[in-house]
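Peer 1: Residue strings, one per chain:
There are 2 protein chains.
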Amino acid sequence: MIRNLTTVRGIKCWGAHIGIKSMRRDLAIIHSEVPASAACTFTRNRVVAEPIKVSREHIRDGKAQVIICNAGNANACTGDQGRKGAEAMAQAAAEKLGIAKEDVLVASTGLIGEPFPTEDVVRGIKENMDKISGDAKAGSFAANAILTTDTFAKEGFMDFELDGKAINIAGIAKGSGMIHPNMGTMLGFIVSDVAIEPALLDKAVKACVDLSFNMITVDGDTSTNDMVAVLCNGLAGNTTIASEKDKGYKLFRQKLEDMMIHLAKLIISDGEGASKFVEYEVAGAPSDKTARQLVRAISDSTLVKAAMFGRDPNWGRIICAAGNAGVPFDYTHVDLFLGDNEKMVQVLDKGQPVAFDRNRVKRLLRESNLRVKLDMNEGEGQGRGWGADLTTDYVMFNSVYTT
Amino acid sequence: MIRNLTTVRGIKCWGAHIGIKSMRRDLAIIHSEVPASAACTFTRNRVVAEPIKVSREHIRDGKAQVIICNAGNANACTGDQGRKGAEAMAQAAAEKLGIAKEDVLVASTGLIGEPFPTEDVVRGIKENMDKISGDAKAGSFAANAILTTDTFAKEGFMDFELDGKAINIAGIAKGSGMIHPNMGTMLGFIVSDVAIEPALLDKAVKACVDLSFNMITVDGDTSTNDMVAVLCNGLAGNTTIASEKDKGYKLFRQKLEDMMIHLAKLIISDGEGASKFVEYEVAGAPSDKTARQLVRAISDSTLVKAAMFGRDPNWGRIICAAGNAGVPFDYTHVDLFLGDNEKMVQVLDKGQPVAFDRNRVKRLLRESNLRVKLDMNEGEGQGRGWGADLTTDYVMFNSVYTT
Chain A
1 MIRNLTTVRG IKCWGAHIGI KSMRRDLAII HSEVPASAAC TFTRNRVVAE
51 PIKVSREHIR DGKAQVIICN AGNANACTGD QGRKGAEAMA QAAAEKLGIA
101 KEDVLVASTG LIGEPFPTED VVRGIKENMD KISGDAKAGS FAANAILTTD
151 TFAKEGFMDF ELDGKAINIA GIAKGSGMIH PNMGTMLGFI VSDVAIEPAL
201 LDKAVKACVD LSFNMITVDG DTSTNDMVAV LCNGLAGNTT IASEKDKGYK
251 LFRQKLEDMM IHLAKLIISD GEGASKFVEY EVAGAPSDKT ARQLVRAISD
301 STLVKAAMFG RDPNWGRIIC AAGNAGVPFD YTHVDLFLGD NEKMVQVLDK
351 GQPVAFDRNR VKRLLRESNL RVKLDMNEGE GQGRGWGADL TTDYVMFNSV
401 YTT
Chain B
404 MIRNLTTVRG IKCWGAHIGI KSMRRDLAII HSEVPASAAC TFTRNRVVAE
454 PIKVSREHIR DGKAQVIICN AGNANACTGD QGRKGAEAMA QAAAEKLGIA
504 KEDVLVASTG LIGEPFPTED VVRGIKENMD KISGDAKAGS FAANAILTTD
554 TFAKEGFMDF ELDGKAINIA GIAKGSGMIH PNMGTMLGFI VSDVAIEPAL
604 LDKAVKACVD LSFNMITVDG DTSTNDMVAV LCNGLAGNTT IASEKDKGYK
654 LFRQKLEDMM IHLAKLIISD GEGASKFVEY EVAGAPSDKT ARQLVRAISD
704 STLVKAAMFG RDPNWGRIIC AAGNAGVPFD YTHVDLFLGD NEKMVQVLDK
754 GQPVAFDRNR VKRLLRESNL RVKLDMNEGE GQGRGWGADL TTDYVMFNSV
804 YTT
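Here the protein sequences line up with chains A and B, keeping their order. Per the working numbering, the very first residue in the first sequence carries number 1; after that it's consecutive. Per the working numbering, the very first residue in the second sequence carries number 404; after that it's consecutive.
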């Protein structure tokens, strides 16, 4: 049995081809039969796509019932015309469903700066809303309809028990595409049937995004359209989680984090032109925050990424990138390990190079799943993140495929 | 007549091969016959090479008489052994010249984390100090002896008149090399015979570095060894510049800025694997500082750099990179122009795409010298910077050339 978005109680989906893209599905609908607690995170880019502006307003009351996403046109840098288009998307869905437009979240991904095809999208919404279904197939259609240059759909499902009830949680995501002028938008839509207060869900979502989607990097740019939305409709029937002290909160938060990390890793695995998946870990930091800053600085360094492509046990670049992270960093305390999931080899011991078999490490680095672990030996803070390597294919994708 | 470092009154140089590198010159000496006003800027990386630590101490009094630089070994991440090596460099030069070791500035560039070859470097200094010469040839030898993977030596010379005296200013620089484990160290050494107070020189140097060396990017990483040093020995005989209000200050500061920008541009022209030289300009910003932040964010964006390689008039990536600069940015006010030194084509007008002949712009972008100009239309602030494109060759250089 396939389990995905539609396994979650009360969730119906659809993914349609409405003609914004030439061939592939380009309109996704995720619907909850009852209003759900909802929380979002949005791009930190100062240039914000129109649907993000609309969804920011609609999420204010912590409630939503449907997510509508189109692919093929980002509705970014489109001005007033685009704003009206994003509002029309929400309006069309709300009218069709007989709900308030504030209960509709909208998202877009695709070309920047092209006029938004409002008429096509509105017609697409109206024509497809009746098709929403609880079939697993419909969940996969939605997962496919949010893709741009992704090479595969990204889905996840898990369940756990709370108050003797089975709680379902499922999500879809997209990332990957950097081909002009798509800006590598990252989208994540997660649904659960857990019952949780909106304010608490918001807290959990923000914390989990910081540990997952915010810890992956393909090329360091944040798109105008990035958005993560989580709907929890309460149909599992657990006692509503209403406090951080509730035993269910910690459990749900952990599952949400696991789901987001799963989706984030899938995004990295599908990074454009990427040949390697690298997990970066920093331990022994003065704080978790410092550890995460170091992870981001290292995983986003062009030179480190190129070294990963070249299977080069190049600790100098890692130390140099860490020194550029903008946090106090004393390399003379640092232990550094390189390897894969099976085996890690220490290359630095308290800042001193360790004699290691360079050819053995280079063989290790041939694996497509690599690990880099840096221990600052200064405190209890830790962080993890994930990145791709920088390949000649990446450059070709992002340059030769011109407009 | 060749004019370079040694044209400056009282400056003698040498560049020797002392065996740290296999073939090329690897020890540079720049000497002033009288103590000079001196000022430096150093890397902002938290991991700092040993010679940087020594030079930081020696520059405190605002005086120096000689710069000693070796190539081939960065003396970074070398701990106590390296610190002693950097001190021995200064000590050896001071003894040979009969001056205080505090009047010696030391610098290194090359491999990180390798034990520093103190004995070879000290012997090299002792054997070559007597060879310093005022010949133009000796100036070029010094320019060559600081290179690593650079493909050409970077030199500049200019003169101007002040108080009826001809003032000379000359400089050398290195950049470029990102090949493991060299961290792309940027060095700039400038000498002048102008008379200027040390505190004022320090002010001028910091301001000019912010407008030149700090506005270039190949891959965004700051090396452990970056250093710019300026010596002004006063032998031109002008009235010593002692106040920002002196007419000579503004003039000298402008010439120093011109020299640093000249050297910075040469570094970019020699960027590893780079096929294009791009000048980025931001105008109409709320402040110069904001303009420079935007220039840096745009010129350092992996996606923008790949688009330049691909000759892609991809304004979406430029706007997105600007939105990630961490400064308030309203794209709806922005005018954007792409082109080369001859011709600029407007692609955005107050955030709206301008109909332009895409093929004509793509032809423009085939030039190896490109220009990108963004006008925020919000104030008087402006900034300029320079960058290379991201090429498949860059990735190959930095990955396949493994340890």
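Don't read these hints as lab results, they were simulated from the structure. C-beta: ideal position from N, C-alpha, C; glycine also. A portion of the hints provided could be inaccurate.
[Claimed, not checked] Here are the computed distance ranges between Cβ atoms for each label pair:
no., chain 1, residue 1, chain 2, residue 2, range
1, A, 22, B, 762, 18 to 24 Å
2, A, 341, B, 447, 51 to 57 Å
3, B, 459, A, 22, 55 to 61 Å
4, A, 289, B, 425, 41 to 47 Å
5, A, 354, B, 729, 53 to 59 Å
6, B, 745, A, 151, 38 to 44 Å
7, B, 759, A, 342, 29 to 35 Å
8, A, 380, B, 760, 56 to 62 Å
[Unchecked claim] Listed next, the in silico EDC-like pairs over lysine to aspartate or glutamate satisfying Cα-Cα at most 20 Å (straight line):
no., chain 1, residue 1, chain 2, residue 2
9, B, 776, B, 647
10, B, 504, B, 566
11, B, 753, B, 733
12, B, 456, A, 330
13, B, 753, A, 288
14, A, 53, B, 682
15, B, 753, A, 95
16, A, 350, B, 464
17, B, 504, B, 517
18, A, 343, A, 330
19, A, 84, B, 483
20, B, 487, A, 330
21, A, 350, B, 682
Peer 1: A separate judgement is required for each hint: does it hold in the structure or not?
Peer 2: Hint-by-hint comparison with the structure:
1. The hint said 18 to 24 Å for the Cβ distance between residue 22 of chain A and residue 762 of chain B, and at roughly 22 Å that hint holds.
2. With their beta carbons about 35 Å apart, residue 341 of chain A and residue 447 of chain B fall outside the hinted range of 51 to 57 Å.
3. Checking the proposed 55 to 61 Å range against residue 459 of chain B and residue 22 of chain A shows it holds: the Cβ atoms sit about 60 Å from each other.
4. The hinted range of 41 to 47 Å is satisfied by residue 289 of chain A and residue 425 of chain B, whose Cβ atoms lie roughly 45 Å apart.
5. The supplied range of 53 to 59 Å is broken by residue 354 of chain A and residue 729 of chain B, whose beta-carbon atoms lie about 38 Å from each other.
6. A C-beta distance of roughly 41 Å is found between residue 745 of chain B and residue 151 of chain A, which places it inside the suggested range of 38 to 44 Å.
7. Range check, residue 759 of chain B to residue 342 of chain A: about 54 Å between beta-carbon atoms, so the 29 to 35 Å window is missed.
8. Range check, residue 380 of chain A to residue 760 of chain B: Cβ separation about 60 Å, and the 56 to 62 Å hint holds.
9. A hinted pair counts as satisfied when its Cα atoms are at most 20 Å apart, and residue 776 of chain B with residue 647 of chain B does not qualify at roughly 32 Å.
10. Restraint check for residue 504 of chain B and residue 566 of chain B: not satisfied, since their Cα atoms lie roughly 34 Å apart, outside the 20 Å limit.
11. Between residue 753 of chain B and residue 733 of chain B the alpha-carbon distance is near 10 Å, which keeps this suggested pair within the 20 Å criterion.
12. Our distance criterion of 20 Å between C-alpha atoms is met by residue 456 of chain B and residue 330 of chain A, whose separation comes to about 14 Å.
13. With a C-alpha separation of about 42 Å, the suggested pair residue 753 of chain B and residue 288 of chain A falls outside the 20 Å cut-off, and the hint is violated.
14. For the hint pairing residue 53 of chain A with residue 682 of chain B, the CA-to-CA distance comes to about 34 Å; that exceeds 20 Å, so the pair is violated.
15. A threshold of 20 Å between alpha carbons decides the hint, and for residue 753 of chain B with residue 95 of chain A the separation of about 35 Å lies outside it, so the pair is violated.
16. A C-alpha spacing of about 34 Å is found between residue 350 of chain A and residue 464 of chain B, which places the hinted pair above 20 Å, so the restraint is violated.
17. Under the criterion of a C-alpha separation no larger than 20 Å, the hint pairing residue 504 of chain B with residue 517 of chain B is inconsistent with the structure, at around 25 Å.
18. The suggested pairing of residue 343 of chain A with residue 330 of chain A is violated, with an alpha-carbon distance near 26 Å, which exceeds 20 Å.
19. For a cut-off of 20 Å, the pair hint linking residue 84 of chain A to residue 483 of chain B is broken: about 65 Å separates their Cα positions.
20. Restraint check for residue 487 of chain B and residue 330 of chain A: satisfied, since their Cα atoms lie roughly 19 Å apart, inside the 20 Å limit.
21. For the proposed pair residue 350 of chain A and residue 682 of chain B, the alpha carbon gap of about 42 Å is over 20 Å, so the pair is violated.
Hint violations for this structure: numbers 2, 5, 7, 9, 10, 13, 14, 15, 16, 17, 18, 19, 21, all remaining hints satisfied.
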